[in-house]
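Taken in sequence, the protein lines are chains A and B.
According to numbering that gives the first Met the number 0, the residues represented by the first sequence are 0 to 340, in order.
According to numbering that gives the first Met the number 0, the residues represented by the second sequence are 0 to 282, in order.
Among the hints, a few may not be true.
Dumping the calculated EDC-like pairs for lysine to aspartate or glutamate here, alpha-carbon to alpha-carbon at most 20 angstroms [said to hold, decoys possible]: (1) A/Lys233 - B/Glu237; (2) A/Lys260 - B/Asp131; (3) A/Lys256 - B/Asp131; (4) B/Lys133 - A/Asp255; (5) A/Lys235 - B/Asp131.
Computed footprint of chain B on chain A; a stretch qualifies when at least three of its residues, placed anywhere within it, have a C-beta under 8 angstroms from a C-beta of chain B [unchecked claim]: (6) 64-72; (7) 240-246; (8) 311-321.
Heads up, incomplete: computed chain B residues facing chain A, CB under 8 angstroms, no partners named [as the list claims (entries may be wrong)]: (9) Lys40; (10) Gly118; (11) Gly124; (12) Ile135; (13) Phe136; (14) Ile220; (15) Arg221; (16) Gly222; (17) Glu237.
Calculated from the structure, these hints are not laboratory results.
Glycine is no exception: its CB is placed at the ideal position from the N, C-alpha and C atoms.
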Amino acid sequence: MTSKIHAAARVAVLATLVAAIGPTTAARAQDATLLNVSYDPTRELYQAINSSFIASYKQKTGKTIAINQSHGGSGKQARAVIDGLEADVVTLALAYDVDAVQESGLITPGWQKRLPQNSAPYTSTVVFVVRKGNPKGIKDWPDLLKPGVAIITANPKTSGGARWNYLAAWGYALRQPGGDEAKARAFVTELYKRVPVLDSGARGSTTTFVQRGIGDVLLAWENEAILAVNELGKDKLEIVAPSVSILAEPPVTVVDKVVDKRGTRAAAQAYLEYLYTPEGQEIVARNFYRPRLASVAAKYASQFPKVKLLTIDEAFGGWTKAQKTHFADGGVFDQLYQPGK
Amino acid sequence: MRRALTEPPLVRGALLAVALVFLAIFLVMPLVAVFAQALEKGFGAYLTALREPDAWAAIRLTLLTAAIAVPMNLAFGLAASWAIAKFEFPGKGTLLTLIDLPFAVSPVISGMIFVLLFGRQGLLGPFLGAHDVKVIFAVPGIVLATVFVTFPFVARELIPVMQALGNEEEEAARVLGAGGWQIFFRVTLPNVKWGVLYGVILCNARAMGEFGAVSVVSGHIRGLTNTIPLHVEILYNEYNFQAAFAVASLLAFLALVTLLAKSVVEWRSGRAARPEAPVREAA
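Taking the hints into account, I'd like the entire structure generated from these sequences.
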């Protein structure tokens, strides 16, 4: 028995060593590694960007780099970076989440001015996903309030994507002839009365709508909607673009404290700038995000329906204000969403 | 006891049927569903999903974590249960309660404890940062969280066994002139070996399957800090259902092996419990 235990211990130690050495030697082949901490639906986008950027960087500088990815809810990811997840760059869903990282001292103030267009190399918006053939005849925001329509969206308190949904609805009602804060509030209140399931994340509500077959219309990121329709069946779902929606600008930035400590600033900077190049923008469009570069936008125009897009700054006075007014505890959303009433 | 056996056959049959239907619905059907989904696109696709580099990295990390956590908790469990069962000392009750702590708190809280301790803004964060030691969002954090969650398994399994055995054999060995280590390896350990094995099997199953605590401290870096359960969740959220269930089937398979090993151990220990076996075997 004694010798058996010794043998077992030896095997365990050996296995441990082998497993521990494996990854270390693999990492040594690179000149540098970058960690990109991002939000949920960007995996496919950054996988494509990474392989393309690594090749281009090698060609330009002769250096081989590797890029690791981490994905999760935007707020959760920001939290992890604040708690010490060593991200060289963050590419999150909302400027608000990057601001949270900045407040912890990891990113210098004024980060949003460091790259063109509010540091958002691609944009997206909120669209509707309906069942094939659009049986409830949903074409624009007012149709959501038709009798018998069940709406699926996530909880704006926890989901970045759901906040865009909420603000898009609010912005639409506000911009109607004769629209004001009171009317917008009434519209959004009515809308949330028609939500049978309030999931905590955007992917969760997509699954509720598509897999579980609940609801008549799903409010979703445009890229998420196109992806879901492509992955889960063009014969089951359709995308409807409303007349007015919101311009979502997912921002990217370098995490100053981390790149200075690790000596990766040049590579991290080049990585984010690559997103703005024609090649980067092409990949962006192929992954269903709206490109910024006019030439690429023109090429993929048919993929993205024409929608009047409101910006968060013009309609809500910026993220900090919108967050405080609408989504803080006791804010407008808490007042108007009272389940069971 | 006797009265229960004289219940009418109808009642006995009904009770048995209820139990079996319940088992079928809640245990067998989900298990079958996992394997059915995993093999939905054929065996080739199943293997491809497992060979994918990120999946392979997750499998490696899970094995590494278990290879560290299980021996650590084996050593601790043996020491703690020996101390608790064989000796009287002040604070014994407190030690017993502390061992149960990981059972009592939610795994998510366990993970957050480590973030509070080792996070950048945590208690030891500045010190670790200054010395460039990464604990959370890296492999050490995952191992720590796993060790914490699986802490009670071996100890909890061994304490009752050791207590039931009593001290007589150890006292006899002492009288015959055996030293402390000699007594431990030649008397105590052979007596509890089946309990040890049972604890290790359960500890290992939990170490490989842990989700909550590991999720909090992992940082979810693909190919680096994702364990099998975390990788399954990621694949599922990416609409990659077949691959998710293919990887999940590894865990289901582990569960089956665990159950099988557990039954074998129970059967063997049942035989070993008969009077003549253990002491002589060790000598």
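Task: Hints the structure fails to honour - done: Structure breaks hints 5, 7, 8 and 9.
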